[in-house]
Amino acid sequence: MNRFEFLGRFARNRGALVGAVLMLGVAALALLAPVLFPTDPLRIVGPPELWPGEDPDFPLGTDSLGRDILAMIVHGARATLLIGLFASAVATGIGVTVGAVAGYFGGWIDDAAMRAAELFQTIPNLIFVLTIVVILGSTLGNIVIAIGIVSWTPIARMTRAEFLSLRDREFVQACRSMGMGNARIITGEILPNALPPVIVLSSLVVAGAILFESAVSFLGLGDPNVASWGRLVGDGRQLIRSSWYICAIPGVAIMVTVLCLNLIGDGLNDALNPKLRDR
Amino acid sequence: MPGSAVPLEVEGLRTTLFTRRGEMKAVDGLSLRVGAGETVALVGESGCGKSLSALSIMRLLPDPPARIVGGAVRLNGRDIVALSEEAMLDVRGREIGMIFQDPMSALNPVTTVEKQISEVLTAHTELGRGQARVRAHELLEQVGMPDAGRRLDAYPHQLSGGMCQRVVIAMAIACNPAVLIADEPTTALDVTVQAQVLALLRKLQRESGMAMIFITHDLGVVAEIADRVVVMYAGRKVEEAPVDDLFERPLHPYTAGLIGATPIPGAERAARLADIPGMVPPLNALPAGCAFAPRCPRALPRCRAEAPVLEEAGPGRAVACFAPGAP
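Protein chains in written order, with the numbering used here: chain E, 3 to 281; chain W, 2 to 328.
It should be emphasised that the hints constitute simulated quantities derived from the structure, not laboratory data.
Just so we're clear, the structure is a prediction, and the values are computed from it rather than from any experiment.
Glycine included, C-beta positions come from ideal geometry on N, C-alpha and C.
Hints are supplied without guarantee of correctness; some may be wrong.
Said to hold, decoys possible - Chain E stretches covered by chain W per the calculated footprint, using a threshold of three residues with CB under 8 Å from any CB of chain W: (1) 31-38; (2) 177-186.
Said to hold, decoys possible - Far from chain W, some chain E residues (derived; all Cβ distances over 10 Å): (3) 12; (4) 27; (5) 47; (6) 95; (7) 112; (8) 125; (9) 144; (10) 213.
Hey, can you work out the whole structure from these sequences and the hints?
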């Protein structure tokens, strides 16, 4: 499959195209945050509780302390996206490794790995994340690790299933007949074949990670030095009856981003899944 | 290759499958000798242990359930049955190569032809990426790939079945193995492509002098490529003979049955092909005595009680039968 075919199939899914464009916009905002708003977004810059549009200097208004909501949203995009991407990377790293080893070797290794995965799955995710964050401390890195630790199981299961179906295929046998070792077969031969569905799942884990982070920050356990979207929602919750926009604006940002990521996941699925190719 | 040693010598090889339904003797005392430049065909119906024999020789059967319980496989004089798995990694692909039945599925669908060939080369030699690519190009030309330079970066689905088989062959011979095992390499191909692949294998063998085991159930192909034929039934060798002798005077009734079931061009249309009644018995339900007795037209009472052993029957010939055809 060449690149153009892939892009063409991805773009045929209109929703995915819209999602990708919006996501690129959010990513651009996140990248340009220090240029657009060079000062600390958590600084108090104006009168408190300005409604959006009330003052042209603060297009999205200010919060209860008089901080610029637009600046915090733009800087928050940075934090939120970074957390989502890195948490997904951690989850994918753990999940692919465990799933690949379990699926390839089978036997007791498989049993042990899958029992471990089940153990993780039985613990309520949010509580597990909160516990880890409370134990390790509220820094960005720890939140990323915590989300990664609770999100790897579906990726491990997916990878394992792919490996199970691929490991007995003739080309793997052929590789063995040419004297390739297990490590080489796992990483060089089977993994590239197993990746497409895993990539789709990883893109959805990014969305899940953003929601986890929002929940953690909403509950006030987020990194106190970072203006993530979840934290903005949490900060605004005392004023939700009078100045509901303080919660609503970052809430909408979270919703749009997660929706975009889900649309992109669908598009990737269409583009990468050969079984759906000519639907 | 050491001068005097026979490239491949299999002696009394026994492979047993340990399954829940009991132990199955998949390969039962197989002995084979393949000299340099010689082609030995392994013939028999589906399920008679041809492929399992080949995989046992390569030590590629998964353990559990399969285990080699006896015998020796000497590759260039060295017994590889007892070698560690690490040592086998170095043997496979370098000293012994293998070609598979379905070339389309024997290639990794997401990797280019060049990468797949280079992978073998870098695994067994000191070649760098660039040198491996040059060597891959040479190999493709050697196996007669049309437009080899352009095919280097092709993916398997962009090639025809015949071209894929050429790639598989190129990978198998990349490190000049002394022994090549071809497991029904032409079965999945068109007749015209079959002929090309057979011609290619003969050419490569002439050039390198490698020993070849050719597994097939197509006696037409056997006549074309083999020097000697080993007929297998239910995991055992029932007859061995030089190829011409075998077709002229098959000794074992099973061999005669196989030959009788092969259409002869020009023969009378009206004559129905003689089939062998029944099927290969499942390995966990082998009859006492000769495994072929229930299907054998010449079966004697003795055949159902006692298993015949392989005995010499003329120069280069052997047969395991109490009532062999006239030698």
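_Output the indices of the hints that this structure fails to meet, ascending._
1
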